[in-house]
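S.K.: Each chain is listed here by its residues.
Protein chains: 2
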Amino acid sequence: MSIDVLQEQIRKMKNPVMVGLDPYLPILPQHILRDAFEEHGQTLRGAAEAYYRFCTELLDRLCGIVPAVKIQSACFEALGADGITQMQKISRYAKEKGYYVLIDSMRGDVGNVAEIYAQAMFGTISVGETAHKLYDCDALTVNAYLGSDGVKPFLPYCKHDGKNVFVLLKTSNKSSREVQDLLSGDRVIYTAMADLTMRWSTDLFGKYGYSELGAVVGATYPQTMRLLREKYDRLFFLVPGYGAQGGTAKNVQFAFDRFGHGAIIAASRSIICAWQKSDSDGTDYLDYAEAAALKMKADIGKNVVIL
Amino acid sequence: MSIDVLQEQIRKMKNPVMVGLDPYLPILPQHILRDAFEEHGQTLRGAAEAYYRFCTELLDRLCGIVPAVKIQSACFEALGADGITQMQKISRYAKEKGYYVLIDSMRGDVGNVAEIYAQAMFGTISVGETAHKLYDCDALTVNAYLGSDGVKPFLPYCKHDGKNVFVLLKTSNKSSREVQDLLSGDRVIYTAMADLTMRWSTDLFGKYGYSELGAVVGATYPQTMRLLREKYDRLFFLVPGYGAQGGTAKNVQFAFDRFGHGAIIAASRSIICAWQKSDSDGTDYLDYAEAAALKMKADIGKNVVIL
Numbered sequence: 011m012s013i014d015v016l017q018e019q020i021r022k023m024k025n026p027v028m029v030g031l032d033p034y035l036p037i038l039p040q041h042i043l044r045d046a047f048e049e050h051g052q053t054l055r056g057a058a059e060a061y062y063r064f065c066t067e068l069l070d071r072l073c074g075i076v077p078a079v080k081i082q083s084a085c086f087e088a089l090g091a092d093g094i095t096q097m098q099k100i101s102r103y104a105k106e107k108g109y110y111v112l113i114d115s116m117r118g119d120v121g122n123v124a125e126i127y128a129q130a131m132f133g134t135i136s137v138g139e140t141a142h143k144l145y146d147c148d149a150l151t152v153n154a155y156l157g158s159d160g161v162k163p164f165l166p167y168c169k170h171d172g173k174n175v176f177v178l179l180k181t182s183n184k185s186s187r188e189v190q191d192l193l194s195g196d197r198v199i200y201t202a203m204a205d206l207t208m209r210w211s212t213d214l215f216g217k218y219g220y221s222e223l224g225a226v227v228g229a230t231y232p233q234t235m236r237l238l239r240e241k242y243d244r245l246f247f248l249v250p251g252y253g254a255q256g257g258t259a260k261n262v263q264f265a266f267d268r269f270g271h272g273a274i275i276a277a278s279r280s281i282i283c284a285w286q287k288s289d290s291d292g293t294d295y296l297d298y299a300e301a302a303a304l305k306m307k308a309d310i311g312k313n314v315v316i317l
Numbered sequence: 011m012s013i014d015v016l017q018e019q020i021r022k023m024k025n026p027v028m029v030g031l032d033p034y035l036p037i038l039p040q041h042i043l044r045d046a047f048e049e050h051g052q053t054l055r056g057a058a059e060a061y062y063r064f065c066t067e068l069l070d071r072l073c074g075i076v077p078a079v080k081i082q083s084a085c086f087e088a089l090g091a092d093g094i095t096q097m098q099k100i101s102r103y104a105k106e107k108g109y110y111v112l113i114d115s116m117r118g119d120v121g122n123v124a125e126i127y128a129q130a131m132f133g134t135i136s137v138g139e140t141a142h143k144l145y146d147c148d149a150l151t152v153n154a155y156l157g158s159d160g161v162k163p164f165l166p167y168c169k170h171d172g173k174n175v176f177v178l179l180k181t182s183n184k185s186s187r188e189v190q191d192l193l194s195g196d197r198v199i200y201t202a203m204a205d206l207t208m209r210w211s212t213d214l215f216g217k218y219g220y221s222e223l224g225a226v227v228g229a230t231y232p233q234t235m236r237l238l239r240e241k242y243d244r245l246f247f248l249v250p251g252y253g254a255q256g257g258t259a260k261n262v263q264f265a266f267d268r269f270g271h272g273a274i275i276a277a278s279r280s281i282i283c284a285w286q287k288s289d290s291d292g293t294d295y296l297d298y299a300e301a302a303a304l305k306m307k308a309d310i311g312k313n314v315v316i317l
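These protein sequences, in sequence, are chains G and E. Taken in order, the first sequence gives residues 11 to 317; the numbers are from my numbering. Taken in order, the second sequence gives residues 11 to 317; the numbers are from my numbering.
It does not matter which identical chain is meant; a pair holds if it fits inside one copy or across any two.
Straight-line Cα separation of at most 30 Å, DSS-like style, residue types lysine-lysine; simulated pairs:
id, residue 1, residue 2
1, Lys99, Lys143
2, Lys162, Lys287
3, Lys307, Lys107
4, Lys287, Lys24
5, Lys241, Lys184
6, Lys312, Lys241
No lab work stands behind these hints: they were computed from the structure.
From just these sequences and the hints, can you work out the full model?
M.R.: Structure representation (structure tokens):
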């Protein structure tokens, strides 16, 4: 896909929401754990199979409602090889269902290492004369503290293959100010990062005016978001921090341009763990997830009209 | 281990060198690839098995010469689950051989995600009532652009289990200046990061005076390194960029304190690919690696005496 296709999917579904899949065992319904442990024991394989079922059932249920999905890489890495096997399967499953798939790994490698990582995530890995497709996701998050060297290896994929990279500007967590808000001349670090992202964006602008390189801007800092939206009107925003972290529909309205374009709002726990806020035993967790996703869509829709 | 044990291993071997294992197919000797492909075909499994043989043979050969090893996570992630399987095995193999093992993943997650990642890397992952040990490494690199939230989940392991985290301050790549060298008041960003690292270090100082939280400072910026060494005399430096990237033995002398303590110099390609700079067919790659490691030790020893 590309940032244009993402925007079109959002328009089609009238829903600028990206559901976050960051499974860990305490948020999984008991019946899923029980079945997985019965088949595979209390093993990493068992846990990973439970993640797969949980995530793919959510993908089935939210298909057609939510255009995009964010897979939290570290959650799967934490289960070792079994976790990675399932992450690859979930990524492919989501693609086949038509989702825009972002893998949230916040990497910041450089040189050869970043090149190999980009190949694995966006392209193919060649072993001898055989090319292997591994993750084939649409987008990644990248931590650009190392500067251009950490981003350039991804740019050919953005230019030629419709892949996207979202650079961390201002993250949703409380301590993000410690580094990101430091003042440097007439800029703060997150605007310096935005300026770099614009510089890397040469030739990467799509038909809606947005760059294939996006920006991560947290829902928890609405004034910052508003300023960034005004100043960087060609950077598509990926907005984490909605729901469980405190970001509201009112906050995130500032992420959008006057056409209701240019942003997607990510939410994970408030959707995939919605059942835990009820007295449900978890067997109907999909109903709660769907209701939460529809409510989020409606809440955002009160302030944002997508043209 | 802990930063004290690392320092003691360095003293014992009189060698402040960490060998970097960042395999990718073009640097592997032909005979290793041939054998692996014969057994497993041109598959990701085949590539991963080749990585395992390459890395463990190097670990065997360099054992007793080099005290520490750095495993480049992204190289293994790029082979998917097969790569991760072998990375776990290589990490355990290195530990059993007595190496101090750092996994270089430069992560920058926060909250639950960082906690789960810390558990997987430093502790155990519980599945039902069963605890699984996965990577069990001694140290990680962390990108702290997200501030305290990205580092605090690791601190209990530093305090109670002798684990170490190396925070990226000033990296060895060319574009590191774009963000890291921005001026903020009377500091640059990398010193702001160093100040944060010192703040997170409360109660984490070992008997040599160094914190369990270290700092990544590139060999390619000797003047910066000298200033950082003077100002932050309680941060242990992990120094990448030696050899292939241009850092020299003369440069890295500034990383050490007057006892020759407080730093470890990482080198990867200049050791593990040393055979490629000769007319060798690669069958004797271990001889070249050993010679390069011994030469690096001798070169550093010209300027640094470890007391």
